[in-house]
Each structure stands twice: as structure tokens, then as C-alpha cells.
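If you read the protein sequences in the order shown, they are chains A, B, C and D. Per our numbering, the very first residue in the first sequence carries number 1; after that it's consecutive. Per our numbering, the very first residue in the second sequence carries number 288; after that it's consecutive. Per our numbering, the very first residue in the third sequence carries number 861; after that it's consecutive. Per our numbering, the very first residue in the fourth sequence carries number 1061; after that it's consecutive.
In short, the hints are calculated from the structure, not lab data. For clarity, every value in this text was computed on a predicted model and none was experimentally measured. Hints may contain errors.
As the list claims (entries may be wrong) - Pairwise CB distance ranges (calculated):
| hint | chain 1 | residue 1 | chain 2 | residue 2 | range |
| --- | --- | --- | --- | --- | --- |
| 1 | C | S1005 | B | W327 | 57 to 63 Å |
| 2 | C | S1005 | A | S53 | 38 to 44 Å |
| 3 | D | K1236 | C | P880 | 34 to 40 Å |
| 4 | A | N40 | D | T1328 | 55 to 61 Å |
| 5 | B | I791 | D | T1107 | 23 to 29 Å |
| 6 | B | I791 | D | L1117 | 29 to 35 Å |
| 7 | B | F464 | A | S53 | 35 to 41 Å |
| 8 | C | G1013 | A | S53 | 17 to 23 Å |
| 9 | C | M951 | B | A463 | 17 to 23 Å |
| 10 | B | L611 | D | P1230 | 54 to 60 Å |
| 11 | C | G1013 | B | L611 | 48 to 54 Å |
| 12 | D | P1210 | A | I131 | 49 to 55 Å |
As the list claims (entries may be wrong) - Quick partial rundown of chain D residues pointing at chain A, CB under 8 Å, derived from the structure:
| hint | residue |
| --- | --- |
| 13 | I1123 |
| 14 | L1125 |
| 15 | D1142 |
| 16 | T1143 |
| 17 | G1154 |
| 18 | S1155 |
| 19 | I1169 |
| 20 | V1171 |
| 21 | L1407 |
| 22 | K1408 |
Here a beta-carbon is modelled for each residue, glycine too, at the ideal position from N, C-alpha and C.
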Amino acid sequence: MNEEQHSGSHSETIHLPAPTAWPIIMAFGVMLAFAGMVTNFGISLLGIVLALSGAIGWFRQVLPHEAHEDIPVVVENIIITTTRPEVARIIVPEDDRAHLPVETYPVLSGIKGGIAGGIAMIPPAILYGLIAQHSIWYPVNLLGGAGVANWRNPSTADIAAFHWQGVLVAIVIHAITCLLVGLLYGAMLPMLPRRPILLGGILAPVLWTGLLHSTMGVVNPELDQHIAWGWFLISQVTFGLVAGWVVAHQSRIRTAQSLPFIMRMGIETPGLVRERESATENEDESR
Amino acid sequence: MADSTFPNPAVPIAGGAHGALDVTPPDVRKHSVLEILHSWITTVDHKKLGILYMLYGIFFLLVAGAEAIAIRIQLAVPNNHFLSPQVYNRFFTMHGTTMVFLVGMTMIFGFANYLVPLMIGARDMAFPRLNAFSFWVTAFGGLLLYYSFLGGSGLYGVGNAPDVGWFAYAPLTARAFSPGHATDYWAIALIVSGFGTVGTAINVVATALCMRCKGMTLMRMPLFVWLFVVVSGLTLVTITPLTAAQIMLLVDRYLGGHFFDTQAGGSAVAWMHFFWIFGHPEVYVLVLPAFAIANEVIPVFSRKAIFGYAAMVAASVGIAFVSLGVWAHHMFTVGMTSASNAFFTLSTMLVGIPTGIKIFNWLATMWGGRIRFATPMLFLTAFVFQFLLSGLTGIMLAVAPWNWQLHNSYFVIAHFHYVLVGAIVTAIFGGIYYWFPKATGRMLNERLGKWHFWLFTIGFHITFDVMHIPGLLGMPRSIYTYEADRGWGTLNMIVSIGGVIQGIAVLIFAYNMIVSLRSGEKAGNDPWDAWTLEWATSSPPPDYNFATDPVVSSRRPLWDLKHPEDPDWKYEA
Amino acid sequence: MSAIPLTPHVSDHQHPWHLPYRGRIGMYCLILGESAIFIIFVLAYVFYIGKSLTGPTPQQVLEVPIFNSICLLSSSVTIWLAERNLEHRKMKPFALWWALTIVLGLIFLVGTGMEWHTLIYEKGLTVSTNLFGTTFYSLVGLHASHVIFGLIGLSLVLIFTLTGHVKEEHAERIQVLALYWHFVDAIWIVVFTVVYIIGR
Amino acid sequence: MPWQWLWKTRNAIFAAALLAFCCGIVFAQGPQAATPSIFTPASTPATEINNLSYFVLEITGGIFLVVGGLLVYVIIRYRARDTDDNREPAQIYGSNQVELAWTVIPVLIVVVLFLTTARMIFAIQDAPKPKAALDVTTVAHQFWWEYRYPALGVVAANELHVPLSNTQDPKPTYMKLLSADVDHSYWVPQLSGKVDLIPNHPNELWIDPMRAGLYVGQCAQFCGAQHAKMLLRVYVDTPDQFAAWVKNQQQDGVQDPSVAAGRRVFETQACMNCHAVRGTAATGRFGPDLTHLMSRDTLASGILHNNKENLRQWIKNPDSFKPGSLMPAMQLSDDQLDQLTAYLSTLK
């Protein structure tokens, strides 16, 4: 394999493919063959003859053995050096925030929390539909309305009726959003202080609802007109609380708050790796 | 290959970490002009072919740039008569076609040819003769395209070049609307140069997969090489549909076929689909090499390893795959169903996610570094900024309803020139400043380089920032002139002035290359204190690249040599 | 043979360094690109089914070329048998199977030629007759041109075999060529399905 | 030293100043009255797109401020300094958590943007057509526009008249878009987004203009030599104006015996092969219908003011205004030109 390039490099010469004019002749022939279509058939003929002779010449270059030339090697020392011989390390102070808890939740717990919360927020939403509009489809259609064709200025009865597109779109939107929020939550969890229930259960839903309240007029005006923000907030908080509860009941892992922010971010760098390895070793010993 | 003797034990150098390599000095025998010419024409050396690709690309950059300047002069004031409508239409068609196929494609393959074998520690490409054929057939295809200025309607007719737009929408390309041979030139020249493109793409993939030096596993390949594997794969599945569409066009024009003949039930929309199935991934074929250059230059000048190597590889592959499913966002106005419009809106927005990851990773690479703003890094910093902006205008265009307003307006022109000039050309300039010392043994003049950078960047922003506005004010593309009462006059004048400034900057660049080649500062083998294998041989490298086959054990083999106390392989393993 | 020690890692020296054969990778790439061309032509064919404004229609003029297809598809088997024989250094059976492959390919080409002759001169279908004619001749013609290129390659190998130039060490290269032939056959299955089953 | 820093970044400051200067010129001058800006909508589709565009601009602007701000911070904070201790900085290889976080946040943004966009696509594209809607068939030609009002029996060219609409009693105009030759695109930015006119591929477009007046635009798909001079003029009339306009257009061409000579020129010099004048033998369809030529403000698809002198010049040599136009110069004598112009001027 790769015979002519990589063999015999220990001697004073190296085999390299020999220069050849056949490829350029063939290329010129191919071009002329096509150029004949816009000029003159004779040019095509000339091109075909050239291309064929190029192909034959090329063929003879590689068969039965690829032609090569020997290039003499003159050995010279190349010094590989740098102007910056030293490398800085990220210094991790040992006493950094040692008083904080040293346990947190794995990334996957966020996804589990997202799924659980997504399921848990359905009952309050449905309940709202039943109480306010006597239809379980009302909140579903509000969410899925964007995907239902011809949905302009719907009446309340319209929204309360069953539309299979609405259900489908609502399920997709709901599932994607819950999973993503859960994933984001899980990814950032190890970086942030604990109290997932306070953060994810109360604070995040309130912020999220506020953000939606201000942008919903553009994102989905039908939803904006028909939405009951109180119930919306309840659903969101349900999501947050359940997600937080699920996360809180996952088994904890140790990478935690005694470390500086850069390590909680999961940054990979030589100095920190050593630190982390030694941390796990200590952990093993302590157990 | 099996044994691993150490013939050159490291020689300690005061104050530096070190390693040692064997190379030869360049051949110093005197050659006649004819001999030199002969050696370049018959060469199968990837380095020489890479340089040929670059020179060819730069030549056509100047040609197509001149066309752009003429276009801008014509548009500088309303109701101008500098160019006739026919000449204007030929110029913008040729400008687009040249820039995409003869400048963009050749320059990126110039980089691939020169650097991929060096970076993976190989002696040449996998198929050296195919490599030569690919270059020459591409080159002759380009010459054929420009020959149309002389021989448009056959040798005896009045000279005219293609004038149907670089997208050549049917049925404007039918014999009934484009008599003569101008459109045939367009199709045939692109088919011919397409052969070369496909050949090189095959070559790059085979080289990267089959020619790696010992220890260079796939996950240790420089990101540059990774990106070019992705680019070549993408080229293989995008240039070929274009060739297929051109064959259909020629069947229509020569054999009386009806593929795009709307009178006989053919479909004009089918051409748009076929063209954009090629046309949109083509943008990524061009921009991924810009990413590739950024992935090499930004870490070296920030003095840090690239942040998130695996994520960068995944994002590149992701971009390639998603880009195959977004073509119809060029067709939001042709009357697709609302569901199709929604689908292509979504798929287009999805491209933003892997590209976002890349921008964040470059920022994280620079974060905490010691950034040296030499000319290559200046260009690459501008690249990141401009690419961010073009990505955001891309999101705007992906919003189908807004696209109904923006499509085919000057906003779109500004957007894709932001990608093509602001991202791709800027990165390529940076790449040339970075690797010129390796290819020639001499540094490009830093002072001229700074002039080039600042003039070019300022000119760029004057031109293309302002160019968005006439689009928002209702100015469509491809018009040779416009009414005076539309309020586009001043804006177009500013845009044209910016274009001239960019032209001057490019001339400075060309001057810099010529001067530095003759009398530039000697580069040495590793002027930027870099980490990939191409810097482990002399500048310019000998014909055989490496006297002995390199062996690597990490993504940054030269870092390992320079910092034996903190080698990468310790971390990566 | 020596190597530059760019801080070799200990474990690297324990595994032999193995890379794929470049010819095979190159052929896979070529097949990838060719597939894209065929996809576009097939899509065009499917898109234009039933869009012709005038006759003749496929039902009126097309006959299913079953014998032809069997010949072409069985040539995939014969070329595979030839490859196996070459690997085992059995040159005579190799040449025999290889020649049979070429004969089968030729039968296919002649069959296609006769089909076209009938269509053009008896049934009056040309490229410019209607959309069906345009798409039919383009797609089938594109495939036929690939068969021709494949046959040229196969014939060259046969000539070299008969003159005694082909040896066991060329097996890898010959397998690459066979790969191309398999691709041409596989494409025929697609073309056949689209043109003679779906489109008819 | 701040001064040193200023001196070092003088190029950047110069660039910023130049940019600010340019923006100043642009906004000091401001868009003119006839500017078809997409930000001054006058019809529901354009208004909804305008609102959506502001929403998208806010989101992308926010992203730009955050990421661009980070870039500027990195450039300033982490540039190599003279006081550099000549060490390599700490090497950081990546972080899965951080990658995950900055993947999910863009995905969430995409979800929001997509839902908003999808709703808008359906709202505009699939809007139900009210009974009161006016139907117009628009046929694009190289390089002019033909308008047919099938319910009203009116054929017009280049200048579209539509009735005013309002939210209480909507009177939208639904256009069926056809092409006689190559691809064109219908774009009047203040009324709606553009829709292409493609041969053998009918499309639809609707507008419900809320303000009377003239709206301009032009063909937005390259269609040949005179693509640039294929201008669009949409007149939004009050109900009375519109009724009067329709009434006039429905009549046959004026038969004025005093210009019979000109009419003879029209009928003998091949004009009638391409142009129609209702009530005469001229029924050509390749060029614009001239039955009510003088009721239009402009000639040659909006590029010339419609008066006798321009009309005469245009007939004499169309190529001097529109090189590549499909209307041939008929090589008429000066007398013939005068007679023909006089005749056409009576077609009110």
C-alpha cells in the first residue's frame, strides 16, 4: 500500500511520482471536445484525439508500475523551538469556597426532570380548560394553534373543539420545549449553586412567564388573546416544582461547590485534570 | 514502518524546548525559463499544483473584481449609461459565475492541495496525476468560459458572454429567449470545470483517509483536514447535481428536449430545485474552508488549543448534513405550499445551531489567550465578526414571510456578499498571510499587510453594511439601473465608493505578494510558533515534504515537542 | 526504516498502523458523486411522469426488458466469481468469468440499442417528441453510457489478462473496477423500477 | 497609558468614525416619498411582515449585542501586551457542559422563532378569500405587465387600479399570477411580499390596501435585458374613483374621424399585430392593450411620463429608452409618426 511514496526513505533518495505531461494533454483534450459543441465539430474531433492519447499516455505511466523519480535527500537538522517555553496553569486555590456543599446532580437528571415536569404540567392545563371553557382541547389548541392551517381570528368554540393537527402540533411543541429546558437545566446545574427547587420551581417559571407575556403578542396573538396568565403561571410552576423535585431525588455525584467556577463548568485543561484526578483519589480513600 | 529508532536525538537549545527533523535544502541548480515552465506544466507535486490553483484563483479574483467595479460604477448614480443593459447583464452573470466557480472553488482547493498532505505527514496526494488533471481541466474550463467574450455565437458571431444570471433560471435559458451560444458556454464550461472539482474532491478524501502518517488517527487530524474531508464529501454530492442539471439544459438546447420547456409541460421550478440543491450546499462548500483556516489560525495566535475539538468536528459534519436539506429557502416566493415553506424555514434556522457552536468555540479559544494581532489574526478576527453578522441576516432571510420581502432584493445581495467576502475572502486572505511564508520561505510585509487589512475591512463595511438598506427600501437585484425618485441614489454611491476602496486594498495585496516574494523577510521553518506538522519541515518544503516519515501522538505534534513537560498526548490519552 | 519521533506515545508502537486502500476510497467517492447525478435524473423522471402533453405514453411503447435485465444483473455474479478466482490465483477461471461478464454487459447494450431503434424508427419516440421521450432517453442513456465506460475498463483488464500482465497483486485494483461494475448494476435496478414499473 | 492605547487603535477609531459618517448621510437624507420601503406598509400582508420583521430584528439584535460584545471584550482583554510574561497561557481543551449549554439556548431561540414564523406563513399564505374580493389576472411579459379583470371585462396594462379596503368591510384584491414567457416576480413592497410569475405554474397573491394613493415596485426576478425597467404601479382608488375608472375602461376605443390617417397607419404598419384597440380590427396580444392608452400616467411600463412628445419618441425608437425591448422601431416617416401619435392621443 502506498508503495512509491513511503518506501525507501532511509536511503539517500526518495521515490516520488514522476512529472508527466499526459494529464494536461488529456485535460486540454476534454475541454476541446466540449468546446466543439459551441464552435466547430472539428475542434471536438481534435479534442477527442488529444484526450484519448492523453488517457493512453497516462495509462502507461501507471501500468504495470507507477513511474517515479528519485529525489536526493540532504539531511539537515531542523530545530523545533518556541519563544514561549513555559506554560501557565490555571491556579485553583485550595480553600476556595470550601464551606459550600460538595455534592450535585448529574446532567441526565435535568432531562428526567424535564420529562416529569412536562407530564406534570398537563393536569393543571387540562383542569383550566375544563373549568374555564368545559373542554380539554382548549389549552391544547391554544398551544398547537400555530400549526393549524387557516387559523385566523378563531372563535372560542373553534378553540374548544378537537383538531387533530392542533393536538399533534401541541404535543410536538410541548415535548421539545420540556426536553430542551430540562437539558439546559441539567447542563447548567453543576455550575450553579444548589436549591434546584427554588431556582427551577419558582424563579425560572416566573421569569419565563414574564418573558412570554411580553413577547406572546408577536409569537402567537391568538394564544395571547385567550390566555389566562394566572393559570399559565400555575402550569409553569408545576413544571418547575416537579422537575426540581425529580432532580432533587436523583442520586448525587461529587464534583461540587468546593471547586471554583471554572471547574464546575467542566473546563478541561491539564492542571485541572490533575486536580480532579487527585480529588477522586482522595474520595476513594475516604470511602 | 514498524521500527521506531530515534536517529536524531533532541539537541538541547538554551531557553527553548525542542525536537529535531531531517530535511534537505531546496534544489539550487540553475534552470532556464523553459525548464521551469516545463516543470510547472508537467508537475504532479501537490505543492506546485496548490500554488497554481492559488495563482489561478487570484488572477480571476482580479478579473471578477474588475467586473464588480464596473457594475458598481454603473449603479453609482440613477439612470447611468456607463454600461449598456446587455453588457451589464453579462458582467453580473460572469462576476457571479467567476467568483463562485473560478475563484472560490479553485482557492479552497488550492489550500487543500497545498496543506492537506503536509498536515497529515504525507508525501503527496493519493492520486498525484489525477490531481494534475483536475487542476488543468478546471483551468481550461475557466478559460473556455471567458473565451465566450470572443466567440459567443460560435467563432463567427458577435462576441457575447452568458447573460442569464449565475443561477440561469429556466426558461430564460431556452433557445427561444437565449439564442446564440452564450448560455451553452456557461453550461459547458461549468461541466468541464466540474470534472476537475469532482476529481480533486475524491483526491482530498482519499488522501486524508489513506495517507495519514503513523499515529495520525482520525480524531488527531488537524481540524483543517477534517473540514476539508467534509467539504470534499459535500462537493461530491453537490457539484454532480449541477452537472446533471446542466446536462438536462444542454439536452433541451441541443436535442430539442423539454425538461425546462414550459410550452411542452416542462417545469421552470424543476430547474430551480436542481440548481439550488447544488447552489445552497455550495455556499457551505465555500465557507467550511474559511472555518478550516480559522480553526488553524485562531488557536495559534491566541496561543491556546482549539476549544471543543470534538464539538467542532461534530458541528462541521452537522452543517454538511443540514445544508443538504435547506435548498428551497431560495424559493420561498415561487409558490410552494405553506407546509413546505414552514419546513424549509425550520431546516434553515437549524443551520444556525452548529454555526453558532463554532462561533462560540472560537470565542472560547480566544478567551484567556494571549492574542497576537499579526495580519493573519486581524483577518480572522474580522472573519468571526463578519460571519456573525452574516449569520444573523441569514436568520432574517430564513423567516419565510420576511423573505417574501427580502428575496432577490439588495438585502440578499448584501447578505451573501457578507458571507462570500466578509467571511470567505477575508479568511482566505488571512490564510494566505499565514501560509505564504511556508510556501515561499518569505514573510509577507506586515506593514503593507496592515494597510491591506484596514483598507479592505473599512471598504467592505462601507460597501456591504450600507448595501442592506436599499434592499429594505425596495431595490431588487440584477437591475442595470434604477429610477431617480426611489431614494436609492446616495446609498448606491456610498456602496460604490466602498467597492473602489476594496479594489485598492486588493491591489495593495497583489503588490505585497510580488514585493515580498522577491525581498521579503526570511521566514524560517516555523515563523508563527505553530503546532501542526507543516511547520516541522523547511520553508518551502522539499519535494518530498518530510525526509523521514513523521510519527505523531496528539492533535498538536509540535506542541508536544515544544512543551515536553505538558504534552497534549498526556491529556488526550 | 526510520521515523521522526514527534513525542511518540508508547501505545502507538504496539499497534500496526493500518490505513484503507486509496483506490477503494476513491471509488466509493466516485460512486457517491455518480449516485447524486442519478438521483437528480431519477427525480426528474419521476416528477415528469404523466406530464407529457402529447403521446406516445410509456404504456403504448415501452416493453419490459426482462432478458436484458437478467443479463446485466447476473453479470454482477460472474464478476464476483472472477474476483474470487483471482484472489486464489486461479488465472484461467478468472479470465473466463471476466470474459463472461463482458459478454453479458454487451448483450445488455445491444438489447438497449435494439429497444431504442424500435422506439425511434417504429414507434416514433425521440428526445424531442415529448417529456417522456426527453426523460426516458436521458435517464436510460445516462445509465447506458456508464455501462459503456465500465465495459471499456473491463475489456482492458481482459486484454491485459490474456497477455499475462495481470497478477495476483493487482487483485485490489481489479476489485475497485468490479466495485464500479456492481454500482452500474445496482443503478439499473433503480432505473428499471422507475422506468418500467412505476412509470409504465 | 490610555493615550498609547488610543494611538494604537487609531485605525479602528478611524473606521468607526467613517462608518458613523456614512450612516449619518443615509439617515440625514432619509427615504423619499416614492421610496417603496418595506417599513411603511399599507396593506395587511405587508403590515404583518413588518411586525414580524421587528420581532426578528429584536432577537437577532440581542444575539448580536451579546456575541459581538463578547468578541470585543475578548479582543481588548486578552490581547498580547508588552508586559507579557512570555509564557503560554493555560491550555483549555473544552467542556461538555458549556458546549451543551450553548447548544440548547440557540435551539430554544430557534423553536420560538420557528413557531412565530410558521404561524405567520399560514396566516398570510392560507388566508381565506372573502366573497367581496376583486379578482385580477396578472400576466407578466418581457418587459411589461398585463392586467385582466375577468369579472369586469377590463384589460389594462402596466398600471393596476384596485379599490381601497378597510378592516370593517374588507375589499381585498386577489391576483392570479401568470407569465407569458420567462420567470418574473411581483413586488410592491408596501402592499405585500413578492410572488413569482412562472410560466406553466400559476401563483396567487392578495393585497388589501388601507390607504389610497400610488404604490410603486418593480419586477424582482431577472427576466432578460430590460428587467430593470419593468416597473410596477399600483393605484389604490377610493370606491368612487375606482367605479369611474372601471366604467371608462369598459368602453371601446374612441373613434375620432379627425385622426383617421393615424388609425390607418396603426392598422397598416403592423402595430395591430401586437397591440389591441377594442372596437377596431386591432386585436394583437403580444403588446399592451392600447384601448385606453391615454388614461395611463406612464409609458413603456412606467419609465416615461405619458405625453405626446414622449409617445412620439417612444414609437420612433423604443431602443433609445429601453435597449433590448421587444417593440421594434417601425422606421416611420415623420408624417406617419405625427399622424400615429395624434391617433393614439385620442384613446382616452
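Verification of the supplied hints:
no., hint, verdict
1, C:S1005 - B:W327: 57 to 63 Å, "34 Å, violated"
2, C:S1005 - A:S53: 38 to 44 Å, "21 Å, violated"
3, D:K1236 - C:P880: 34 to 40 Å, "58 Å, violated"
4, A:N40 - D:T1328: 55 to 61 Å, "45 Å, violated"
5, B:I791 - D:T1107: 23 to 29 Å, "44 Å, violated"
6, B:I791 - D:L1117: 29 to 35 Å, "33 Å, holds"
7, B:F464 - A:S53: 35 to 41 Å, "40 Å, holds"
8, C:G1013 - A:S53: 17 to 23 Å, "18 Å, holds"
9, C:M951 - B:A463: 17 to 23 Å, "59 Å, violated"
10, B:L611 - D:P1230: 54 to 60 Å, "42 Å, violated"
11, C:G1013 - B:L611: 48 to 54 Å, "30 Å, violated"
12, D:P1210 - A:I131: 49 to 55 Å, "52 Å, holds"
13, I1123, "15 Å, violated"
14, L1125, "17 Å, violated"
15, D1142, "15 Å, violated"
16, T1143, "14 Å, violated"
17, G1154, "5 Å, holds"
18, S1155, "4 Å, holds"
19, I1169, "10 Å, violated"
20, V1171, "6 Å, holds"
21, L1407, "43 Å, violated"
22, K1408, "42 Å, violated"
The structure does not agree with the numbered hints 1, 2, 3, 4, 5, 9, 10, 11, 13, 14, 15, 16, 19, 21 and 22 stated previously, though it agrees with the rest.
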